[in-house]
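If you're matching them up, the sequences are chains X, Y and U in order. So in my numbering, spot 146 of the first sequence is number 152, and the numbers just go up one at a time. So in my numbering, spot 194 of the second sequence is number 215, and the numbers just go up one at a time. So in my numbering, spot 12 of the third sequence is number 62, and the numbers just go up one at a time.
The set of hints was computed from the structure by calculation and includes no laboratory data. It cannot be assumed that every hint is accurate.
[Claimed, not checked] Now the stretches of chain Y that chain U is said to cover, found in silico as 3 or more residues with beta-carbon under 8 Å: (1) 25-39; (2) 213-220; (3) 225-237.
[Unchecked claim] So the derived label-pair ranges between C-beta atoms look like this: (4) 125(Y) - 184(U): 53 to 61 Å; (5) 66(Y) - 134(X): 51 to 59 Å; (6) 280(X) - 166(Y): 54 to 62 Å.
A virtual CB, placed ideally from N, CA and C, is assigned to each residue, including glycine.
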Amino acid sequence: MEVLQLLISGLSLGCVYGLIALGLVLIYKATETVNFAQGEVMMLGAFLAYTFVNVLGWPFALGFVATLAVMGVVGALLERVLMRPMLGEPPFAALMLTIGLGFVLRAIAGAAWGNEPHTLRTPFAGDVLRFGELVVGTENIAIVLGTAILCGGLYLFFRFARVGIALQAASQNQLAAFYVGIPVQRVFALVWALSAMVAATAGVLVAPVSLIDPLMGFIAIKAFAAAIVGGFGSLPGAIVGGLIVGVVEQFASRYLPPGFGDTSAYIILLVMLVARPEGIFATLQRKKV
Amino acid sequence: MRFVLKTRYGQDIDLFRHNGQRFWYALLLVALLAAPWVLGDFYVGEVSLVFIYAIAGIGLMLLVGYTGLVSLGHAAFLAIGAYAHAWLLNHGWPFPASLAAAAAFTATVGALVGIPALRMTGIYLAVATLAFAEIVEQVITRWESVTGGYRGMAVPPAELFSVSLLDVDVFYYVCLAVLVACLIAALNLLRSPSGRAMVAVRDSEVAAQSMGINLARTKTLAFAVSAGFTGIAGGLLAHKIGYLAPDAFTIVLSIQLLLMVVVGGLGSMHGVIYGAIFIGLLPQGIALVRDAAPPAVAQIPGLEPGIFGAILILFLIYEPLGIHGRWVKVRQFFTEFPLYRKATHRRQRSYLRTERVR
Amino acid sequence: MSFFAAEALSLSFGGVHAVRDVSFAVEEGEVFSIIGPNGAGKTTLFNLISRFYDPDAGAIKFGGEDITRLAAHRIAAKGIARTFQNTELFAHETVLANLLIGCHAHRRTHLLEELLFLPRARRQDLAFRERVEAVIDLLHLQGYREQTISALPYGARKMVEVARALCVAPTLLLLDEPSSGLNPEETEDLSFWIEDINEDLGVTIIMVEHDMNLVSQASHRVLAMADGEVLAVGEPAAIQSHPDVLRAYLGD
């Protein structure tokens with residue numbers, strides 16, 4: 007029974023890692039940049055939802071939609087203002103820039119909402135469901151359901167929208183995609199918007215479990231482990247990777263000596279990089295000479 | 022502009038191009054040696070800290086600026102150097118031996134981190150070093166018998182030739198001497214085959230291989246040497262802060278170190294020094310701003326890292342070559358006036374340098 | 051036994067045969083050209099010889115030694131140097147630094163000597179420099195010595211790459227499309243330099259080349275490839291009129 011309990015909390019935690027990793031992979035696939043500020047973008051989304059729902063008193067659904075809309079704009083703006091000048095620069099520069107961005111966003115959040123933790127009012131938190139001896143928090147169920155719905159939506163989007171195909175092309179060869187008339191820059195802005203919306207969803211889903219404060223974005227470091235386990239180029243891989251990292255973390259904190267719970271994600275990451283750097287869903291190959 | 026008539030190949034190998042340079046660097050050294058007589062204790066301490074940053078910066082610059090490998094976890098090497106040094110001092114080792122052993126130990130750890138790094142490029146490596154740093158932080162927190170865990174660990178007072186390092190001026194001279202030695206060693210490395218191999222790996226791995234450069238060896242070496250220098254800086258930093266605790270060596274410090282080499286100017290040892298001065302003085306500058314600003318602004322939590330981040334962004338967008346790059350351009354503008362053309366330093370963009378092939 | 055020999059080399063990428071059962075031998079002192087339409091597998095062949103790719107089958111013999119499984123960075127020390135189709139220079143460095151890196155295979159110092167720059171390290175660097183200057187003189191690169199690669203015109207970069215390969219002091223030089231991107235005069239110069247390198251330095255040359263004038267001027271023998279397979283080997287004139295070769299280029 008304990009095992010099942012741990013499995014469920016691990017899966018719901020893993021969904022959060024998976025969603026953050028999904029945002030990372032979206033941006034990486036299209037632009038070959040890794041957004042080290044993904045966790046901070048998530049944090050911003052959670053704070054926005056808090057502002058709409060708790061401070062302004064809007065109904066949850068409206069607040070959530072508004073959060074998505076605002077975060078989409080924020081994501082596109084970040085791409086337009088910060089990332090576009092880095093187009094064609096070495097990947098290292100863009101990576102450093104997103105690190106700087108993370109620090110700036112944290113300071114902005116601290117200035118706007120203060121450092122003390124906040125609780126988001128949601129319709130799905132605080133209750134438990136009992137299945138025999140098994141006790142499951144409704145917020146955990148909400149996380150898993152929310153993730154499933156989001157993934158389904160994204161799948162349909164990439165499968166059927168023209169933009170999805172443009173994105174595929176841009177990610178394979180920026181210059182060639184540009185030459186055949188794909189608006190590469192607009193595609194990138196769109197990807198950033200999409201990724202910010204995914205991150206905001208993660209933020210809202212995780213808010214009842216971990217409180218909202220400027221430092222909540224640090225869990226994104228664990229999402230890197232998820233993305234790498236999944237192969238860093240595969241969207242389903244990111245979710246699967248997140249689930250693996252989440253479940254392992256729950257079991258490690260329960261059964262291993264203290265310290266292993268917190269580091270399990272990093273250990274998985276390093277082991278994965280040494281043993282199978284292409285991830286479980288291999289999409290990367292050697293550079294061509 | 023100065024034209025040097027070269028009559029021997031050895032002139033290109035020498036560290037100084039001509040006697041003018043020798044004169045100015047000697048003058049700088051004299052000024053630094055005289056500084057403790059002029060400056061108050063507080064500022065002598067601050068300049069020592071700049072020296073320590075610069076030593077760590079040399080290590081990070083060799084890795085990031087010359088070998089092209091990004092590390093987001095250099096604070097961990099700083100921590101390993103600091104803890105190893107303090108532990109050895111506690112066990113009765115004399116200062117020089119302890120510092121050297123701490124550096125060697127850190128270099129060994131660096132080489133071990135470098136080995137898995139061989140199979141990764143770019144972002145993978147950055148993420149791996151980040152994970153490594155997190156693990157080191159946990160190990161330091163949990164390994165109480167050695168590190169003191171959360172409670173921390175006092176750094177014992179050390180002596181060099183029976184002079185106490187607690188004396189601010191003595192510590193200043195020690196830091197200066199170590200910095201000069203490290204700088205010379207790094208410059209020597211860069212004019213030797215191993216250093217050139219690092220640059221070759223940075224610019225083209227395939228060409229480097231076909232010139233007979235062993236990628237694995239070069240990358241491991243870069244990590245080891247980089248960690249070694251950073252370990253020395255860690256040992257000195259231990260004396261400077263006096264009491265070691267895990268929260269002194271977080272990711273924020275790693276980013277601060279990266280900020281130093283980027284702002285200073287990647288790919289130049291001058292850049293290390295400029296960068297060290299910059300991040301050494303920045304907290305003072307921020308403190309001034311805080312005093313002047315209205316309380317609402319001054320009390321923002323995380324203001325300092327936020328300003329670090331903003332500066333990093335501005336430099337990356339507007340002056341990716343850092344302070345050193347800016348200085349080179351300004352100097353060239355005056356020496357070539359009125360012939361200077363902006364396009365001389367126009368950056369070449371590359372849109373296709375993808376690391377993946379499907 | 052031949053100076054250099056490829057024996058039944060095969061390599062496929064995911065079912066596509068890039069190189070299939072390719073055998074040829076090169077004698078010492080020869081200039082040996084490989085021609086063929088795009089996608090014939092010429093560069094793949096070079097990457098097999100430089101050991102960037104592992105062949106699925108076959109062997110590479112050089113100077114009586116089997117180098118099929120040697121690590122890529124050990125090839126230079128054996129005396130094989132190469133250039134790249136689209137130049138792979140160390141772009142942020144000067145020409146001089148690039149050529150000094152070319153001497154790397156002759157490094158004898160160890161790390162400690164280099165950190166302290168002991169007399170042996172200085173002597174070694176002086177020796178490297180003499181070698182570099184000899185190559186600079188041979189290819190008339192004096193004017194570019196102190197310039198950064200990114201400031202050089204493309205033609206000069208191609209020549210710097212040849213120079214860097216010569217700094218390895220090779221006995222076998224692989225040139226991957228040396229004339230691509232050069233203007234007619236530069237190509238003309240190139241053919242003389244190939245002759246100099248071959249006759250004065252005694253370096254055996256294998257080159258992949260599209261310019262048939264250069265091929266027939268400079269090379270002793272030519273190998274024609276198409277779709278990863280050898281069509282014919284022989285004198286330049288004979289290859290140019292070989293029916294299979296004409297068919298591969300012009301279609302049926």
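message: Flag every earlier hint the structure violates by its number, smallest first.
response: 4, 6
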